[in-house]
Amino acid sequence: MASAVWITDTNTVTALGQNLEDLWQGLLSGHSAIVPVDRFSVAGYKSAYAATIKDLSCEGALSSFHSLLPRLFRGMETVPADARLYTATAKAGIDNLERLRRSTSANVSDVLISAVADRVTRQLGLRDTGTNISAACASSAIAIAKGAALIAAGRAECVLVCSIDLVTEFVFSGFSALGALSATPCMPFDRDRSGLTLGEGAVALLLMKAERAKKEGRPHLGTVLGWGVASDGFHVTAPDPNARGLLIAVKEAMTRANLTPENISAVCAHGTGTIYNDHMELTAFDQLFNDRKVPIYSIKGAIGHTVGAAGGIEVAVGLKSLSEGIVPPTVGFGKGDARAAGRVSFKPALLPGNHILSTNSGFGGINAALVLTKGQGA
Amino acid sequence: MPSITGIGWIYAGNSGEGRKNTLFKEGSGKLPAISRKTFFRAPYPRFNRMDEFSRLGVSAIGLALRDAGMDDRTAKRAVGVVVATVYGCLHTDLDYFETVIPEQGAFASPALFSYTLPNCFLGEAAARFGLTGPGYVVSRSDDTGLSSVKAVLEDMDCMGLKTALAGTCDLGRPPGFPVGPDITPGALFMVLESQPRTEFDCYGTIQLNRAQEILFNGSNVSDLRSLMEACLKRMRNSGK
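Residue numbers (this note's numbering), protein chains in the order written: chain A, 1 to 378; chain B, 379 to 618.
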């Protein structure tokens, strides 16, 4: 029989604050951390906005991710040394490639994909040297899925998932060149949405076999009940308009969770604010829930699109949502897409149950879905 | 038990499919030109839009699928791809940022940016070959090349994955890039099936034990190259 997978600890650092509580309170208040970018010149780009962490800077020649990780772990209990480590990032150390090309002092090894895993292993003294998962905006959701699957199958007792991505000119310029940035702060699921706004952040989640967590007296923040990962097989940058990959991932997650769509209380959508992503997601949710008006929310209007870290941060927010019994508002949502009507709201609402579906999709046509259920608390 | 049913590779020494060419030569120096006509029989309009990393990876995946008798793309199928890489798309990252520096990003290349994630070529392969399983990149600083094989075997054991490609793809350390290990440029993919087709002659069985060791036909293998050689030796000895 599969072991239950508890999440026993988590923290976030985002543009809405130094920890998960700050993020949650900011979301409930309808605050947006999206501001004009002052980290680099945006004169040549289609947007001037991003959700940046105010006092984030690089220490000497190190990438900024080095200064973010200690803040992240400051808010957490000790991670067991035997924890398997999955890091997840799309482009965490790319700020140092920029510095290298601009002939500024830079620790170039931070550019390598395994750099975040190396740093986390050293910082926490873990025995596992760590595996980085890179799957664009679904990176951290896949890392959580893999961690949960290992624990459920008895291949691991404890898995730390740590994810981070930064607002850099490299990524900002690219999304601008693709025409994917919104000229104004993003408006997920809004009728007038016109693109995404980038954000930055870090998240850590400690997943543990329930029996061990009970034995060690660890809190039960929530359970990862189901997971699914699937590709569209459609296009490298555009989502499948028929949402085939996302639907496969969601159905896999439901089956594993032994739930039906009727059991889902709310959906934490990827909700980037691009025309194509939000259309694709609404197509999937139409098929999944039919006429049932399941609450759907996106947190990207508040903290921007944190790329590889998005799924992990959204799981952390999902845990708060389950424990507080509240669906957070979708900041930036105003005039709804017809299909969003009655589902997406700019106001908080009561969560009508104990199960949240969290979904992410990314470049490469990759999709991930997670089903979370309410924990018993401390 | 999971089995290896297809192998394809592209290196400077030679390129091939395991059943057609049982002598693998890694070689040194530059990779051969990765042209559409060399690796694909049918037209493939997107091929020349891709960056070199993606062309290499998609072509090697195509060889492995063909070797496994799975290149017939009539319908989408739940096949995953996991790839290990050290440098990923770093060459493309460097090329892309060269388009950003002048004119404060006004002429940043969207075509190059589309390939500045190491998993992008998995999306190309998924679209080309109709693959709808999980697709992601794994990177470990202590990798022996087997991390993708381990990831696929774990996904088979823990996530119900039935068929997937596992492999490695790297263009090596970019010229002028000052740090990182020396990696031989090239790509190698293997098709793994949790329940191989009965009519199909497999290279052998493969499993991941609880000590995280990979066993091929019951014997421990230490790295991806050794696994590849063991597969090809098995095929040579079978006389097929």
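Please note that the accuracy of each hint is not assured.
Stated by the list, open to error - Result set (DSSO-like, lysine-lysine): computed pairs, CA atoms no more than 30 Å apart in a straight line:
(1) B:Lys454 <-> A:Lys251
(2) A:Lys209 <-> A:Lys251
(3) B:Lys540 <-> A:Lys251
(4) B:Lys540 <-> A:Lys209
(5) B:Lys398 <-> B:Lys408
(6) A:Lys293 <-> A:Lys214
(7) B:Lys408 <-> B:Lys540
(8) A:Lys54 <-> A:Lys347
(9) B:Lys454 <-> B:Lys408
Simulated from the structure, these hints should not be mistaken for laboratory data.
Status of each hint after checking the structure:
1. B:Lys454 <-> A:Lys251: holds (17 Å)
2. A:Lys209 <-> A:Lys251: It holds: about 24 Å lies between the C-alpha atoms, which stays within 30 Å.
3. B:Lys540 <-> A:Lys251: holds (17 Å)
4. B:Lys540 <-> A:Lys209: Since the Cα atoms of lysine 540 of chain B and lysine 209 of chain A sit roughly 25 Å apart, the hinted pair holds (cutoff 30 Å).
5. B:Lys398 <-> B:Lys408: holds (23 Å)
6. A:Lys293 <-> A:Lys214: Judged against 30 Å, a Cα distance of about 37 Å means the pair is violated.
7. B:Lys408 <-> B:Lys540: Violated, at roughly 36 Å.
8. A:Lys54 <-> A:Lys347: Distance ~26 Å between lysine 54 of chain A and lysine 347 of chain A Cα, so the pair holds.
9. B:Lys454 <-> B:Lys408: violated (35 Å)
The structure fails to meet hints 6, 7 and 9 from the earlier list, while all remaining hints are met.
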